[in-house]
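Participant: As they're listed, the protein sequences go chains A and B. Heads up: the first sequence begins at 1 in the working numbering, then just goes up one per residue. Heads up: the second sequence begins at 1 in the working numbering, then just goes up one per residue.
Everything labelled a hint here was simulated from the structure, so no lab data went into it. C-beta: ideal position from N, C-alpha, C; glycine also. It cannot be assumed that every hint is accurate.
[What the hints assert, rightly or not] Cβ pair distances, simulated, as ranges:
| # | chain 1 | residue 1 | chain 2 | residue 2 | range |
| --- | --- | --- | --- | --- | --- |
| 1 | B | P204 | A | K91 | 51 to 61 Å |
| 2 | B | T12 | A | N8 | 20 to 30 Å |
| 3 | B | T208 | A | K125 | 43 to 53 Å |
| 4 | A | K102 | B | P48 | 22 to 32 Å |
| 5 | B | P204 | A | V84 | 52 to 62 Å |
| 6 | A | I127 | B | Q207 | 21 to 31 Å |
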Amino acid sequence: MNIDSITNGIVIDHITAGRAMRLYELLGLEELECSVAILKNVVSRKKGKKDIIKIDAEIPLNFDAIGYVDPTATVNIIRAGHVVEKRIIGKPETLVNTLRCKNPRCITSVEQELDHIFRLTDPDKGIYRCVYCETKAN
Amino acid sequence: MRSLISITDLTTEEIDRLMDTAEDIIRQPEKYSQVCRGKKLATLFFEPSTRTRLSFEAAMYDLGGNVLSVSNGASSSAAKGESVADTARTVSCYADIIAMRHPKEGAPYVASLNATVPVINAGDGGHNHPTQTLADLLTIRREKGRFEDLTVGFCGDLKFGRTVHSLLSAMARYPGVKFVLISPEELKVPSYVKKDLLANSHIPYVQTTDMEQVMPELDILYMTRVQRERFFNEEDYLRLKDSYILTPRKLVNAKSDLTIMHPLPRVNEISVAVDSDPRAAYFKQVLNGKFIRMALIKMLLEEATK
Numbered sequence: 001m002n003i004d005s006i007t008n009g010i011v012i013d014h015i016t017a018g019r020a021m022r023l024y025e026l027l028g029l030e031e032l033e034c035s036v037a038i039l040k041n042v043v044s045r046k047k048g049k050k051d052i053i054k055i056d057a058e059i060p061l062n063f064d065a066i067g068y069v070d071p072t073a074t075v076n077i078i079r080a081g082h083v084v085e086k087r088i089i090g091k092p093e094t095l096v097n098t099l100r101c102k103n104p105r106c107i108t109s110v111e112q113e114l115d116h117i118f119r120l121t122d123p124d125k126g127i128y129r130c131v132y133c134e135t136k137a138n
Numbered sequence: 001m002r003s004l005i006s007i008t009d010l011t012t013e014e015i016d017r018l019m020d021t022a023e024d025i026i027r028q029p030e031k032y033s034q035v036c037r038g039k040k041l042a043t044l045f046f047e048p049s050t051r052t053r054l055s056f057e058a059a060m061y062d063l064g065g066n067v068l069s070v071s072n073g074a075s076s077s078a079a080k081g082e083s084v085a086d087t088a089r090t091v092s093c094y095a096d097i098i099a100m101r102h103p104k105e106g107a108p109y110v111a112s113l114n115a116t117v118p119v120i121n122a123g124d125g126g127h128n129h130p131t132q133t134l135a136d137l138l139t140i141r142r143e144k145g146r147f148e149d150l151t152v153g154f155c156g157d158l159k160f161g162r163t164v165h166s167l168l169s170a171m172a173r174y175p176g177v178k179f180v181l182i183s184p185e186e187l188k189v190p191s192y193v194k195k196d197l198l199a200n201s202h203i204p205y206v207q208t209t210d211m212e213q214v215m216p217e218l219d220i221l222y223m224t225r226v227q228r229e230r231f232f233n234e235e236d237y238l239r240l241k242d243s244y245i246l247t248p249r250k251l252v253n254a255k256s257d258l259t260i261m262h263p264l265p266r267v268n269e270i271s272v273a274v275d276s277d278p279r280a281a282y283f284k285q286v287l288n289g290k291f292i293r294m295a296l297i298k299m300l301l302e303e304a305t306k
C-alpha cells in the first residue's frame, strides 16, 4: 500500500493503533481542504502496530488534543521534503475547549460562553476531569 | 482571592483551625459579636433553601455584619439570562463576601473566578456543599472528641447525596476510620468515588443493604434523604424514597454512644420518635452549622484584607 510522502506538511506518527480516528475527530481534520491520509495498523518496531496521520499542509495543530489522545505520539513538521521539527507531546495538564463536558447538570451546559476546561487529575491513569463539575472525560 | 468551593480546598490543619475558632465562638460569642462590623454578606440562592441561607445570614448577623439577600433565582437578573460571571462581578461591587447556591454544578466556581471578593459554595446541584461538611465535622468533633478511629455508617441515597461524598472525602484523611455504606442497589456510592477516594486512600469500607445487621458496629450513623430533585424519573424516586426509615426499634442493638446525624431536611427517613433519643444529634448539627459558618466567614474576610 503506497501513500505519497509529503513535501510540506505534518506527520503525526507513533499513534497507538486504533486511536487515529479519535484524533482525526478532535483535531477537526474533516474540515480541511488539503489531503489527509490515515494509516491504520502500520507495522511498528516499537509498538507492533501503530496508526499514522499525514496532513498535506502545515496547519495550526491542537497539541493538547494529540497529547490527550496519545501522549506517546510524535509530530513531525515537514518542509521541502525534510523533517525540520520533531515533537513528543506528552500529557497536557489542562485541556481548553478540546473536549466538551457531557454532564447535563454542569454549568457549561447552560452557559455557552464558558470555556470547557478539563484538568489532568490522575497522571498515572491519564484521567481528566471537568474543572467545574469534576465529571470524568470519556 | 481565597474562596471555598470544595472541602478539599482546605487543608487538614485549616479545618482544625476552623473547628477551634467555632468552639471558641460557642464558648465566648461576645468576643466575636463585632468582628464583621461594617461588612456585608450577599447570599445568592438560585435554588430553594431555607436552612442554609438562614444559617449564613444568622452567622453574619452574629458576627456584627449585614446581609444582602437573593432568595429566589426566578426574581433575579439570572432569570433574564445574566451569566454567573457577570452576577459575581456585579455583586462584588456591593458585598464583601458571597455565599452562593446554584442548581448547576460548578456555578460557584465560575463565580469565584470572576468575583473580587471571596465566594463560599453553599451547594451546587448534587456536587459540593462544603459548609455542610464543616458542620458535620464540627458535630463529630463535639460529640466524639476526635475524628480518628471511628466507624462511620452512611445510609440512604449515597449516589446523589453530595453531603455524603464530601464527608467521605473529609473523613478519609483521618487514620483508623472505617466506612459502612448502607443503601439500595440503585443508590450505591458511585464507582468513581469508591475507586478514586476509598481505594486510593486504602480506607476499609463495606457495602450493604441491611441497616440493622451493621448497626452494632457503628460509632456514627449518617442518614440521608432520597432527594426528589436529583431524579429525572419520578417513578424511580417513588420506588426508592422509603428504602430506609430509622425507628427506635432499629436502634435496639446500636452502641449506647452512637451519634445519629442527618444533614436535614428530613422527610420520613428518621421517625420523630427518635428525636428524643439522646443519641440524636441532627438538630445540634444545625446549630453547629451556624458556628462553623461564622468561623469560615471570619477566616475568609481576614484573608481577603491581608
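Participant: Give a verdict on every hint.
Facilitator: Cross-check of the supplied hints:
1. Our hint of 51 to 61 Å for P204 (chain B) and K91 (chain A) is violated, since their Cβ atoms are close to 32 Å apart.
2. For T12 (chain B) and N8 (chain A), the Cβ-Cβ distance of about 56 Å falls outside the hinted range of 20 to 30 Å, so the restraint is violated.
3. In this structure, T208 (chain B) and K125 (chain A) break the distance hint of 43 to 53 Å, their C-beta atoms being roughly 28 Å apart.
4. A hinted range of 22 to 32 Å holds for the C-beta pair K102 (chain A) and P48 (chain B), which are about 27 Å apart.
5. The given range of 52 to 62 Å is respected by P204 (chain B) and V84 (chain A), whose C-beta atoms sit roughly 56 Å from each other.
6. Range check, I127 (chain A) to Q207 (chain B): about 23 Å between beta-carbon atoms, so the 21 to 31 Å window is met.
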